[in-house]
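Visitor: Fit chain Y to the given chain F structure using the hints.
So you can see what is in the structure, the chains are spelled out below.
Protein chains: 2
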Amino acid sequence: MDSTERDEAARAFLADFRSMSTFGATTGGGVDRQAGTAADGQTRNWFRGLVEGHGFEVRYDAVGNQFALLELVPGVPYVAMGSHLDSQPLGGRFDGAYGVLAAAHAAIRLRAALADASAPAFNIAVINWFNEEGCRFKPSMMGSAVFTGKLPVEQVLATTDPRGTTVREALESIGTVGDFGLEVAAYLEIHIEQGRSLEDHGLSIGLVESTWGANKYEFVVHGEQAHTGATVIADRHDALLGASLLVAAAREIADEFSTDEHAVITSCGEFTVFPNSPVVVASRVDLLVDLRSTDHDVLAAADAELHRRVAAIEERADVSIERGAEHIWASKAYDASGMALAAAAAEELGLTYGTVRTLAGHDSTNMKDIVPTIMLFVPSVDGISHNEKELTRDEDMLAGVDLLTEVLRRVVGGDFVAGG
Amino acid sequence: MDSTERDEAARAFLADFRSMSTFGATTGGGVDRQAGTAADGQTRNWFRGLVEGHGFEVRYDAVGNQFALLELVPGVPYVAMGSHLDSQPLGGRFDGAYGVLAAAHAAIRLRAALADASAPAFNIAVINWFNEEGCRFKPSMMGSAVFTGKLPVEQVLATTDPRGTTVREALESIGTVGDFGLEVAAYLEIHIEQGRSLEDHGLSIGLVESTWGANKYEFVVHGEQAHTGATVIADRHDALLGASLLVAAAREIADEFSTDEHAVITSCGEFTVFPNSPVVVASRVDLLVDLRSTDHDVLAAADAELHRRVAAIEERADVSIERGAEHIWASKAYDASGMALAAAAAEELGLTYGTVRTLAGHDSTNMKDIVPTIMLFVPSVDGISHNEKELTRDEDMLAGVDLLTEVLRRVVGGDFVAGG
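Line order of the protein sequences matches chains F and Y.
Each residue of the first sequence is one higher than the one before, counting from 1 in our numbering.
Each residue of the second sequence is one higher than the one before, counting from 421 in our numbering.
Just chain F, with the same shape it has in the complex (with noise of 0.2 Å):
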């Protein structure tokens, strides 16, 4: 491209930006688009014009996924990229959207620049994975797990959100579901950090090299109801109290179990109280609590010693605490061919970049575990998150697209697996 070029492509990323941002726009500047409603359909809408206008063909497997295919030469696979157009409530409007809009401009610029070159080795299909944010229907990254192989679609189809509201009902009716599905060669994926290394250290591109491992486990602490004025203390067993007792001790092991080389992250973000009304006791708390680790033997002693406390809460509350459902993934390295192929490519865009580990999940984090993957951050402004003041600037969103254009070339030219 000549620099008329770079500015007209620049201008048109940002406008794309926000007009996307205006679906599901909160008043404090975030975005809420959690996923299967009505602002997550109308998001997933206006991304399937926009594509087409550009001659994609859009298509939908049995979960939601979105596909938006460009096909350049026939029969080839297909290089995929992609992230979330769905968001956490009153989250930003970066995390997600950003790689999924990112994703089909450096198609639509490649294409361009394919015009006059020789025969691309594979096609190019973008992809909005269905509940990546996994706030309404749980487990986050659903569509992903669903395409890798790691959840059953027809369990997922079933899953329900608070209301009991099932995943099949809010696709049926936001109206974007079907039967497709796609091969894919290798699978790109940009997004926003959500921390700041990137900014500490003045660099413009992360190239991700490991997810953190991390478990995630559901408790349920079960106490019983009663009178909060006419109960005496040693008569209760108060759900509230073992509950809350839970989250202290997460984090009192984030602080004891994390070491110079490798921290540990503890959090609770979901945690709910039965029957929570004002003079009642509470008979029962659901809550999660996860544990993230770089280091895989940190984390062992980290979890070991949250269960351990778990025995001790039960005495102290008088409450039993049960373990439900529990999500463990390992620390897990990308592909070291894919983050080389990138710092190349950055080099040559004269981009700074330097190697980060992902604390969050990301669909990335699924496919990597089938085929080979490049993931790529750009900064987020004070590591905001999960947060309507959630912040990338305009320079570095576009830096962002620069990169992952470039790294598609090379992708779609053979460099990175080998081509159909």
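Simulated from the structure, these hints should not be mistaken for lab results.
For glycine and all other residues, C-beta sits at the position ideal for the given N, C-alpha and C.
One or more hints might be untrue.
Computed list of lysine to aspartate or glutamate pairs in EDC-like fashion (alpha-carbon distance at most 20 Å, straight line) [unchecked claim]:
#, chain 1, residue 1, chain 2, residue 2
1, F, Lys150, F, Asp179
2, F, Lys389, Y, Asp655
3, Y, Lys809, F, Asp318
Calculated Cβ distances over 12 Å to all of chain Y for the following chain F residues [unchecked claim]:
#, residue
4, Val73
5, Ala112
6, Gly178
Simulated restraints on C-beta separations [what the hints assert, rightly or not]:
#, chain 1, residue 1, chain 2, residue 2, range
7, Y, Ala654, F, Glu209, 18 to 26 Å
8, Y, Ser593, F, Thr165, 25 to 33 Å
9, F, Ala330, Y, Arg438, 57 to 65 Å
10, Y, Thr679, F, Ala312, 24 to 32 Å
11, F, Ser320, Y, Glu574, 45 to 53 Å
12, Y, Ala745, F, Glu199, 39 to 47 Å
13, F, Ser320, Y, Ala432, 42 to 50 Å
14, F, Ala38, Y, Ala435, 50 to 58 Å
15, Y, Ala432, F, Ala312, 49 to 57 Å
16, Y, Arg438, F, Ala38, 43 to 51 Å
17, Y, Ala720, F, Thr165, 49 to 57 Å
18, F, Val232, Y, Arg438, 25 to 33 Å
Guide: Chain Y only, in chain F's frame:
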């Protein structure tokens, strides 16, 4: 009454109690009749039909208190008895409802007994107070608070439930609202104990000598929404951690500040997390904390410790804790002459009795501040309350109705307060 009449009266009470317990009945043997719901409305209409069949007239005041009036002598003042027909979600079928039905039966029995005696000094009103429980609309004891001038009616009518429905709308939807007012000369209430002291001492009747002092606080813990996976511990402002530490601190204070003579009881019954998504650090938690004690000085020391700890928790969790509305009521004695009257009545009937304090608030807690009041308890099996398993045995319920009838006879005869 002769023994046939007594048997007939007992059967009638138990039959009415069973009918009443079908409204809002839960599968666990309790009831769910939160204030202003359809189930509350149905119970109120059933009660209206019951007492109208016995010749009472039913009226409502502006806040939905239901007055069943039994005029014995035109023009003389009223002695009121009452309690509440609303319940906790998944509450027991005795709490409140027993007292309303016992009062109606006591009035019906006394009228029959008076038929061939001298003219009584008072008429009789049975009051079903609106929203004693305070779970759907806060605060508790709402109807009696308005009646006794402690809360302004307009403020109460504008109070909303978590879905935004106002008290005014809820009352209009169930149709039990009016503009009635009543001057009351004395107030009697009978209630289940919701504790174990009567059962532990093998007593049939409790004469309530005082309320416990209670300090109730609404706290809002303000944190900052963030991604649970990607946000390092040092960057977190975790409202859920702050709120959990507050729950744990409240329990520690109960343990530390209870003395041999005076217990401190602390509770947190309502605890709501925002946005409550699995992968989001909580931005806000709303919670209620209350401290209760029979001793003013012990309560004050415990309260000071709670507020000292709030400051430490703000620092530990890097959050700010805002104190919202508070409800403070001092430990306060019931009328000593009323206790003596009830003790004499119990002796005449051969019922075992003792003095007790009430940890829980009751409508009589409000009424005793404006008129001479007598509060009676019957035993609760295992002290279980605000629970579907709440149970008071038939013989204990019947003994309570017998005693309330005898106490009413004496009060209506002018033995407690001067007649009109």
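Visitor: Work down the list of hints and note, for each, if the structure agrees.
Guide: Hint by hint, here is what the structure shows:
Proximity of F/Lys150 to F/Asp179 is assessed by CA-CA distance (about 18 Å); at most 20 Å being required, the pair is judged to hold. Simply put, F/Lys389 and Y/Asp655 have alpha-carbon atoms about 15 Å apart, close enough for the 20 Å limit, and the pair holds. A hinted pair counts as satisfied when its Cα atoms are at most 20 Å apart, and Y/Lys809 with F/Asp318 qualifies at roughly 19 Å. Look at F/Val73: its CB is around 38 Å from the nearest CB on chain Y, clear of 12 Å, so calling it non-interface holds up.
Residue placement check: F/Ala112 keeps its beta carbon more than 12 Å from all beta carbons of chain Y (closest about 34 Å). Listed as a non-interface residue, F/Gly178 keeps its Cβ farther than 12 Å from every Cβ of chain Y; the least gap is roughly 28 Å. As the Cβ distance of Y/Ala654 to F/Glu209 is approximately 22 Å, the hint placing it in 18 to 26 Å holds. Between Y/Ser593 and F/Thr165 the CB atoms are about 26 Å apart, so this pair conforms to the stated range of 25 to 33 Å.
Between F/Ala330 and Y/Arg438 the C-beta distance comes to about 59 Å, which sits within the given range of 57 to 65 Å. Look at Y/Thr679 against F/Ala312: about 27 Å separates their beta carbons, and that is inside 24 to 32 Å. Between F/Ser320 and Y/Glu574 the beta carbons are some 46 Å apart, a value that agrees with the proposed interval 45 to 53 Å. Separation of Y/Ala745 from F/Glu199 is about 41 Å and conforms to the stated range, judged on CB atoms against 39 to 47 Å.
The beta-carbon spacing between F/Ser320 and Y/Ala432, approximately 43 Å, falls within the hinted interval of 42 to 50 Å. The beta-carbon spacing between F/Ala38 and Y/Ala435, approximately 52 Å, falls within the hinted interval of 50 to 58 Å. Range check, Y/Ala432 to F/Ala312: about 54 Å between beta-carbon atoms, so the 49 to 57 Å window is met. Taking 43 to 51 Å as the suggested C-beta distance range, the pair Y/Arg438 and F/Ala38 conforms, at roughly 47 Å.
A hinted range of 49 to 57 Å for the beta carbons of Y/Ala720 and F/Thr165 is consistent with their spacing of about 50 Å. Taking 25 to 33 Å as the suggested C-beta distance range, the pair F/Val232 and Y/Arg438 conforms, at roughly 31 Å.
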